[in-house]
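Visitor: One letter stands for each residue in the lines below.
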Amino acid sequence: MTTDRFDAVFADWQTRARQELDRRATTPACLAFSRLAALAEPLSPPWDEAERHHLEGCRRCRSLYQRLHRLRNRERERTRSSHPGGDPPPPR
Amino acid sequence: MTEGQTLMNPEPRSDEDLLRAARAGETRAFDALFERYERLLLRIAYSLLLDFDAAQDAAQEALIALSNNRATLNVDRPGAVRAYLITCTRNAAFDQWRAHQKPVPLDEELLESRAMAETALNDLLAEEQYAILTICLRRLPHKQRLVVVLRLLGDLLEDDIARLLAELGWAIQEAEAAAKSPTGQKIEEIAILTTPLGITTVGGVGNLLNKAKEALRECFDKQQG
Chain C
1 MTTDRFDAVF ADWQTRARQE LDRRATTPAC LAFSRLAALA EPLSPPWDEA
51 ERHHLEGCRR CRSLYQRLHR LRNRERERTR SSHPGGDPPP PR
Chain G
1 MTEGQTLMNP EPRSDEDLLR AARAGETRAF DALFERYERL LLRIAYSLLL
51 DFDAAQDAAQ EALIALSNNR ATLNVDRPGA VRAYLITCTR NAAFDQWRAH
101 QKPVPLDEEL LESRAMAETA LNDLLAEEQY AILTICLRRL PHKQRLVVVL
151 RLLGDLLEDD IARLLAELGW AIQEAEAAAK SPTGQKIEEI AILTTPLGIT
201 TVGGVGNLLN KAKEALRECF DKQQG
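Just so you know, the sequences run in chain order C and G. Position one of the first sequence corresponds to residue 1 (our numbering), numbered consecutively onward. Position one of the second sequence corresponds to residue 1 (our numbering), numbered consecutively onward.
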């Protein structure tokens, strides 16, 4: 009896977990890595309204964007701290 | 293959070729690598963590590490990109695991997973059984869990899994030691920390899968009983 139950629960787990993993990978509506990386740059190209809307509802794109954004900020901080006293002088 | 076939179905570019192209400024090349590996890395991370959010984070950490190191990663050796990504995913998964490690008593975990006390009894029963299965999955040795997830959720063939296990070097102590290294560590350094499992045959994977399912069934029956 429990064995039958196990088979049913196991099959259900397989279906649910597979669907969830597929949902979390890139879907056709998702933004490409390069686009998210470009948007995370300080002087990023303008956001498309549809992109912004997608980002709000998609954890994959949102967390990737936030991760890239944090990384760029860290890089900028590092660059600043390696040039104390402000930005490096412009090249002559 | 005829010339026409070649034109219609060009050989997919190797990972290393794609990374070289990305270095040369071909934006789509890294996107292609990302899409090629995202699902696999997600499944590897999920098999280690059994948590969808954490798995997604670990897979993304690995792919970003590759992007950051694209200029310096040695791609002379075929398979270097894949090995780098797999190792980074494993390390990121272990970082997540260590960061969030908190033993959860069975009852508490069950209660957490059924926050829907108002739902019908049958639904509640189904959720409880699902929660028990998840607990049993967590109790599997990592190696067995990896086989279950990759074979049954990832649709990977047994020889692919055998190769992956060898790449992952799946002895738990070694994995934990490697997890102490920062994500993005150079593959040459990581290679020192890992050793192959020695499971290189298809039969080995099949045996692991059977053992895992037996253990799951036993654990499930015990919890139900």
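These are computed hints drawn from the structure, not numbers from a lab. There may be inaccurate statements among the hints.
Covered stretches of chain C (in silico footprint by chain G; criterion: 3 or more residues with CB under 8 Å from a CB of chain G, positions within the stretch not fixed) [what the hints assert, rightly or not]:
id	segment
1	32-46
2	49-56
3	66-75
Estimated spans, in silico, between C-beta atoms of each pair [to be verified]:
id	chain 1	residue 1	chain 2	residue 2	range
4	G	Ala-24	C	Arg-74	34 to 40 Å
5	G	Ala-99	C	Arg-62	16 to 22 Å
6	C	Thr-79	G	Glu-35	54 to 60 Å
7	C	Gln-19	G	Leu-157	20 to 26 Å
8	C	Asp-22	G	Thr-72	52 to 58 Å
9	C	Ala-38	G	Arg-217	27 to 33 Å
All residues carry an ideal CB built from backbone N, CA and C; glycine is no exception.
Visitor: Against each hint, give a clear statement of whether it holds in the structure.
Guide: Cross-check of the supplied hints:
1. 32-46: holds (count 4)
2. 49-56: Check failed, 0 qualifying residues.
3. 66-75: holds (count 3)
4. Ala-24/G / Arg-74/C: 34 to 40 Å: 26 Å, violated
5. Ala-99/G / Arg-62/C: 16 to 22 Å: Check passed, 20 Å falls within 16 to 22 Å.
6. Thr-79/C / Glu-35/G: 54 to 60 Å: At 31 Å between Cβs, range violated.
7. Gln-19/C / Leu-157/G: 20 to 26 Å: 21 Å, holds
8. Asp-22/C / Thr-72/G: 52 to 58 Å: Between Asp-22/C and Thr-72/G, where Cβ atoms are some 33 Å apart, the hint is violated.
9. Ala-38/C / Arg-217/G: 27 to 33 Å: Violated, at about 50 Å.
Of the hints listed earlier, those the structure fails to meet are numbers 2, 4, 6, 8 and 9, in rising order.
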